[in-house]
Structures are given as C-alpha cells and as structure tokens.
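Colleague: Sequence:
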Amino acid sequence: MFAPSSPLPHAPLQPLRFDWLQAAGVQAAILRLDLVDPLISGNKWFKLKHHLAAAERAGARGVISLGGAHSNHLHALAAAGKRFGFATVGLVRGHAVETPTVLDLQAFGMELHWLGYAGYRARHDADFWVPWRERYPLLFPVPEGGGGLDGAVGCAEIVEQARRQLGVLGWEDYDCWWLACGTGTTLAGLVLAEAGQHEVIGAMAVPEGHGVEGNVEGILEAFASKLAPTGAAFLPKPATLAERDHKPLGATLPARCKPQGYRLLDASRGGFAKTDPGLLDFIARHEAESGIPLEPLYTGKALLALHEEVISGRIAKGTRLIFLHTGGLQGRQTFESALAHP
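At position 91 of the sequence shown the residue is numbered 90 (numbering that gives the first Met the number 0), and the sequence of numbers has no breaks.
You may find that some hints are simply not true.
Claimed, not checked - Okay, the calculated beta carbon distance ranges per label pair:
#	residue 1	residue 2	range
1	G169	G213	38 to 48 angstroms
2	D126	G208	16 to 26 angstroms
3	V129	W19	49 to 59 angstroms
4	R313	Y116	35 to 45 angstroms
5	V167	L38	22 to 32 angstroms
Keep in mind the hints are simulated off the structure, nothing from the lab. Glycine is no exception: its CB is placed at the ideal position from the N, C-alpha and C atoms.
Go ahead and model the full structure; you've got the sequences and the hints to work with.
Modeller: Now the structure itself:
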C-alpha cells in the first residue's frame, strides 16, 4: 500500500556546460533527480523509501509528518498517499495561508494542522509526538523532511546511480559532489555511500546554526551506532593532507572540511526562502541557457554558490564534480513571474 514494488526511478547524468565552468577548467555533470517523477520528485523518492517501508511493517494506515507552507517533503508525501492509497496528515509551520503548495496538499487529500511558529519550534521536544500519536494511533510518524537515518540510507542509493553512468561522460572518476541542503539528510546519505572516497559539499539553504550541521552529525553517529558499536570501522575516514594536496580540489578549498568527507557552506542568502533580484536573474539566465529548470529555494541557490566558488578560484582547474539536482520544482510556483526568462 505504501510504496511501489519497482526499483527507485532512474535519474540521468548529463554534462553541465556553462561559460564560467569552461573558463575555470572545471568539468561538471548534473544528476537530474528532478526527472524521476513529476510529483514524488527528486530526492523525495529516496528519502521516503525506507520510511514508507517501516510504516508498512508497522501495520499503519497512513503517515503523519511536518513541514512548511512550501514544503517539498509534504508535497511529495501527499502525492504518494494519493497515488498509493494511504492517509496523510501534515503538521504545518506557521498560520493558515494559501500557497500553491498548500492548495496541492489539500487537493491530494492531506489533512493539515497549522501549528503556529512557537508550536512548530516545539517539534524537537521529547513529548511533541505524544498528543498526535493519541489522536492518530494508526498513522506512522515520519520526521521533518523525510530525515533521519532511514531517509539517509535511501539517499545513499543516489551515488550508485551516478557511478553507473560515468562512462556516458567519458569519465573514469570524479572529485566531489555538490548539492543543496535543507535538513542535511541527502548529504548524509551521500557521505555514507562515499565512505570517504569523494568529498560531498553541501550548499545550505538555511543559515549556519539552523540545524543542518547537527542533523548530519546525528545521522552519521546513528549509522555508526547501529552497525558498529565502536563506529570506527564504518564512518568515512578523513583524507590526509597529502591525499588532499594531490586532488584537484586540494588546498584551494576553504578549511571547513569535515573529517567524514563533507563540507557545508552557507548559501541561504540571508535565510530560508529568502530571494533577491541577483538570485532570480541568475536562475532565469541559466535556465534559458541550459534548459534545466531550477527553483530559488534549493537548487538555484546551490548553483549560484557553485558559480561563486568557481569564479573566485576556490575550485581548482581539472576538478570533476557532480551537481545533484534534488528536484523540488513545485516550489517554483510562487516565483513563476519573477523567473520569466529574459
């Protein structure tokens, strides 16, 4: 009832060609998760896979989860509920508002409860779920954004999808991943799959200190605790300074590289869902040039952050990177007029 029996959808790996990449001697490819499904889009297929399997094992009749009025996660979850026939309830940040996303949630049959802002901040409290479990005893709770270890383990499968297609590009290997981060779950999944072989760079859609760092560390620690009591054999190993010096990214990158093989940078441009004319113009121009749809909450900001790193010289000539398009294009709806192509 909760999920299809078929494998996760295939995402094509395509060359990413922009003048600023060519000028810097940086080779890039984009893994198009936005093409896996029109509604259960992008990384959401991967994040939800194990959560929905757990709900089915528990004998649940549906799922309950959290998100904002533009939430890609709630949108995908509600769409999955409608498609596969299970009930969905959404606990929404803030006060009732009609956004394109909210209208879709209602059309998909998701029951919504608006928590206000203080109520939503309480989601991390130990007793937060108690009244909701009492009210909906047959629903399975899924973390915000499809996060947690189950979400990350699903996202680990993304790495193999890319590796199987390297030959299409004429590549034998690559140096790093680049992706947008909302909760850090997808990044954590890539880190687990890479096990230190390639660096994973996350462009945060929220400012530093808003939980991404702790979420990633928590997932990696949960993985280590579950599979190895000591954790030493399972967490990705740090690259030595000598190893880093011999890689194209090498010492040209800022020093905030984590021992587990990942790095986070602030790409929020002032806050989550904050936009500005420069960002919107960048997205419109790059969409027109590439034909690849973007949105200003996640993927558009991640691409702009990559542009800034490349033109500043912080990514070395010869680097080969994979840019992950995490989907979430339903979030474009609010910004369609501003994203009209020049």
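Colleague: Hint by hint, say whether it matches the structure.
Modeller: Checked hints:
For the pair G169 and G213, the beta carbons lie near 39 angstroms from each other, so the given range of 38 to 48 angstroms is met. Distance hint for D126 and G208: a CB-CB separation of about 25 angstroms, consistent with the stated range 16 to 26 angstroms. Between V129 and W19, the C-beta spacing of about 52 angstroms keeps the proposed range 49 to 59 angstroms intact. The hint said 35 to 45 angstroms for the Cβ distance between R313 and Y116, and at roughly 36 angstroms that hint holds.
Against the hinted window of 22 to 32 angstroms, the Cβ-Cβ separation of V167 and L38 comes to about 27 angstroms, which satisfies the hint.
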